[in-house]
Every structure is written in C-alpha cells, then in structure tokens.
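Novice: The chain contents come next:
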Amino acid sequence: MEPVRIIEVKESIFANNDAEAKRVRGELKKDKTFLLNLMSSPGSGKTTLLTRTIERLKNDLRIGVMEADIDSDVDALTIAKTGVKAIQLHTGGMCHLDAGMTEQGLKQLGTNDIDLAILENVGNLVCPAEFDTGAVKNAMILSVPEGHDKPLKYPLIFEVSDVLLINKIDVLPYFDFDMEKVVEYAHKRNPNLEIFSVSAKTGEGVEVWANWLRAQVKEWNR
Amino acid sequence: MHEVGMLVEIAKTVAGIAAKEQVERVKYVDLEVGELSGVLPEIFEQYYSFVTEEYPVLKDSEIRIHIVPGEALCNDCHALYNVMKNEGKCPRCESRYKTVLGGQKIMLQYIGC
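As given, the protein sequences belong to chains X and P, one line each in that order.
The first sequence begins at 0 in my numbering and counts up by one.
The second sequence begins at 136 in my numbering and counts up by one.
Quick caveat, the hints were computed from the structure, so don't treat them as lab data.
Worth double-checking, as some hints may not be accurate.
[As the list claims (entries may be wrong)] Within a straight-line C-alpha distance of at most 30 Å, the following computed DSS-like cross-link-like pairs (lysine-lysine) qualify:
1) P:220 - X:187
2) X:31 - X:187
3) P:220 - P:194
4) P:147 - X:180
5) X:21 - P:155
6) X:21 - P:240
7) X:28 - P:224
8) X:29 - X:187
9) P:224 - X:149
10) P:233 - X:152
11) X:57 - X:29
12) P:147 - X:136
13) X:21 - X:31
14) P:155 - X:187
15) P:155 - X:136
16) P:240 - X:149
17) X:152 - X:57
18) P:162 - X:187
19) X:9 - X:31
20) X:180 - P:162
21) X:187 - P:147
22) X:217 - X:152
23) X:136 - P:220
24) X:29 - P:147
25) P:224 - X:106
26) X:9 - P:194
27) X:80 - X:9
28) X:180 - P:220
29) P:224 - X:180
30) X:149 - X:29
31) X:152 - P:155
32) P:240 - X:9
33) X:9 - P:233
34) X:57 - X:21
35) P:194 - X:152
36) P:240 - X:187
37) P:220 - X:149
38) X:149 - P:162
39) P:147 - X:21
40) P:147 - X:9
The structure displayed is predicted, hence computed values, not measured ones.
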C-alpha cells in the first residue's frame with residue numbers, strides 16, 4: 000500500500016475565517032469606519048428598524064448600508080430612499096456572509112467617507128452566528144411575535160451578539176411574550192448583552208438605541 | 136445549506152494547507168464533529184464530493200467524520216451527563232442549567248495525502 004503522509008491541523012474549521020475577520024477589523028480601525036453586523040430571523044423588522052435608526056443618525060454620521068440576501072434588491076432600494084449609500088450583496092444561495100464576502104462588500108461601498116457601515120445579514124438565527132464578519136459589534140433583533148423562548152433555542156446567536164433589540168413592542172398586548180423571561184434567558188446565555196426594547200413602527204425606544212450606537216461609533220473612530 | 140457553507144470553509148482551508156505543504160493530492164480529511172455543534176454529519180458526507188469538485192487537489196478525496204460526545208456538568212446537582220441522550224436535561228435533578236464540557240466544535244484534525 001502507498002504510504003500516507005499525515006498533516007496535523009487540529010484547528011477549528013472557522014480558524015481561517017476568524018483570522019480574516021480580525022484583519023478586516025484592523026483595516027476598519029485604520030479607515031475610522033465602524034461596522035455593525037445586524038442579524039435576525041426573516042420578518043423581524045431589520046430593514047424597517049434600520050430605516051428609523053438611519054433617520055436619527057444621518058445628520059451626525061456618514062452611513063453606508065450593505066444588504067445581504069440570497070436574491071432580490073428590495074431592501075437596498077428601501078434603504079436608498081433614506082438618502083444614505085446602500086448596496087445589495089447576493090450570497091449566491093449561501094445562508095450567511097463570511098469575512099471575505101463582507102470585505103468585498105466594504106470595498107464596493109467604499110469606506111473612506113463612511114463613519115458607520117451597517118451589514119444587514121441574511122435573515123437566519125443559525126448560520127450568521129457562526130461566521131465572524133469582521134464587524135466591530137454584532138446586533139440582533141428578536142421581534143415579539145417570535146416568542147420569548149428563542150434564547151433557549153438558538154443559544155449561539157445570543158452568545159455572539161453585543162446588543163439585543165426586542166422589536167415590535169407595540170404588539171405586546173396581543174402576544175404571550177414575557178419580557179422578564181426573555182431578558183433572563185438572554186442574560187443566562189450572555190451576561191454582557193445590552194438589551195433595548197423598541198418599536199420600529201411607533202418609534203418607541205429607537206432614540207435610546209440610536210444614541211447607544213452613535214456613542215459606540217464615536218468611540219471606535221476616535 | 137448550513138453544512139454546505141461549512142464544507143466550503145473546510146475545502147478552502149484544506150486546499151490552502153495542501154498548497155503550502157506542496158501536496159498534489161489529498162486522500163482524506165479527518166474531521167471531528169461535536170454532537171452539540173448543530174450540524175448533521177450525514178450532510179457533510181453527502182455533499183463533500185459536490186463541494187470539493189472545484190478544488191483539483193481534493194479530487195477523489197474522502198471526508199472521515201469522528202463524532203465527539205457532548206458532555207455537560209449540571210449546575211444544580213453537579214452530575215455529569217450526555218446532553219443528547221438526556222435531551223438537554225440533567226437525568227438526576229431534571230435541571231436544564233449546565234456547563235457544557237465539550238462537543239460544541241467542528242475541528243479539522245488531520246489531512247492524509
């Protein structure tokens with residue numbers, strides 16, 4: 000039998016992506032651009048909340064948005080109406096973005112004149128959590144109709160997020176959504192998780208979240 | 136689809152190492168899959184040849200999967216148990232609060248060439 004040469008690797012399959020993400024973050028620091036990775040399930044209100052957030056920040060910050068979807072450009076068109084730069088990234092069937100794809104998107108967006116770049120990741124609570132995109136902070140949205148048990152079911156995304164936005168609080172009276180429980184479950188997964196309750200529809204709570212984000216951007220770009 | 140994205144990462148990593156080590160043909164890839172990593176190992180096996188088609192160095196190679204059990208320590212009664220077999224609940228005191236000790240990762244272990 001032909002001898003086999005064995006190469007010992009012993010590293011996580013995400014090691015390459017993690018290294019690439021670290022490099023992307025280094026570049027962003029040099030360019031004075033803050034990248035926010037926004038994750039959630041489909042229909043949680045990412046694009047609507049983003050529109051409201053942009054309205055409150057666009058006078059202080061130069062904003063660029065990357066919309067990642069498997070297909071279509073409806074989200075990029077919605078964001079472009081707010082007057083900020085928006086591009087659409089197609090993942091070619093993939094359920095997430097990795098650091099390499101994010102870097103290409105950032106190049107296309109052009110980070111020289113951008114203070115805050117926002118990546119709207121593919122709507123999915125599983126895969127995006129596994130791939131570091133190179134973002135400075137990870138934010139996730141959980142909307143009231145999805146239920147307060149999600150931190151128990153999808154632990155990883157709660158562990159890798161820095162911020163949890165509980166959206167659609169205007170419909171709380173119609174759902175058995177327990178706000179205390181969701182905070183308890185989420186903090187069990189990640190004690191450092193910042194939690195904001197918002198309604199993209201009525202605007203409630205959006206100011207507090209937007210102020211938090213503005214402070215983070217200013218700190219990073221100093 | 137979840138697994139396919141990971142397979143692409145694996146193929147890229149292995150092809151990169153093969154190039155660096157001046158390997159012409161990879162025979163097998165040993166992958167350790169944790170029981171709690173949230174993937175189906177069968178899908179890795181099923182789609183491996185499809186994903187590696189684009190990498191000549193991986194042509195005709197096989198993926199060999201080793202499952203790592205997901206063990207946890209109960210935070211309430213300190214019992215050691217297998218998470219999958221007990222559906223996430225401590226068999227002694229029924230608590231769900233636990234510290235997972237292993238079986239969450241997907242590790243590339245060896246490349247045979």
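Novice: Take the C-alpha atoms of residue 149 (chain X) and residue 162 (chain P), compute the straight-line distance between them, and say whether it is at most 30 Å.
Specialist: violated (42 Å)
Novice: Decide if the proposed pair is consistent with the structure: residue 162 (chain P) and residue 187 (chain X), CA atoms, cutoff 30 Å inclusive.
Specialist: Measuring from Cα to Cα gives roughly 44 Å; hence the hint is violated.
Novice: Given the hinted pair residue 29 (chain X) and residue 187 (chain X), is their Cα-Cα distance within 30 Å?
Specialist: With Cα atoms ~35 Å apart, residue 29 (chain X) and residue 187 (chain X) exceed 30 Å; violated.
Novice: Residue 187 (chain X) and residue 147 (chain P) were given as a pair; does the straight-line alpha-carbon distance stay at or below 30 Å?
Specialist: violated (35 Å)
Novice: Within 30 Å, alpha carbon to alpha carbon, are residue 194 (chain P) and residue 152 (chain X)?
Specialist: Given that 30 Å is the threshold and the Cα spacing comes to 38 Å, the pair is violated.
Novice: Compare the distance between the alpha carbons of residue 149 (chain X) and residue 29 (chain X) with 30 Å, and conclude whether the hinted pair is satisfied.
Specialist: violated (37 Å)
Novice: Next pair to validate is residue 28 (chain X) with residue 224 (chain P); report whether the Cα-Cα distance is within 30 Å.
Specialist: Violated, at about 44 Å.
Novice: Between the alpha carbons of residue 147 (chain P) and residue 9 (chain X), is the straight-line distance 30 Å or under?
Specialist: Satisfied, since the Cα-Cα distance of roughly 15 Å is no more than 30 Å.
Novice: Take a quick look at whether residue 217 (chain X) and residue 152 (chain X) sit within 30 Å of each other, Cα to Cα.
Specialist: Judged against 30 Å, a Cα distance of about 34 Å means the pair is violated.
Novice: Is residue 224 (chain P) within 30 Å of residue 180 (chain X), Cα to Cα?
Specialist: holds (19 Å)
Novice: Measure nothing beyond the straight line between the CA atoms of residue 21 (chain X) and residue 240 (chain P); if it is 30 Å or shorter, mark the hint as holding.
Specialist: holds (20 Å)
Novice: Would the hint linking residue 220 (chain P) and residue 149 (chain X) be met if the CA-CA limit is 30 Å?
Specialist: holds (22 Å)
In summary, the numbered hints that this structure violates are 2, 3, 4, 7, 8, 14, 15, 17, 18, 19, 20, 21, 22, 23, 25, 27, 30, 31, 35 and 38.
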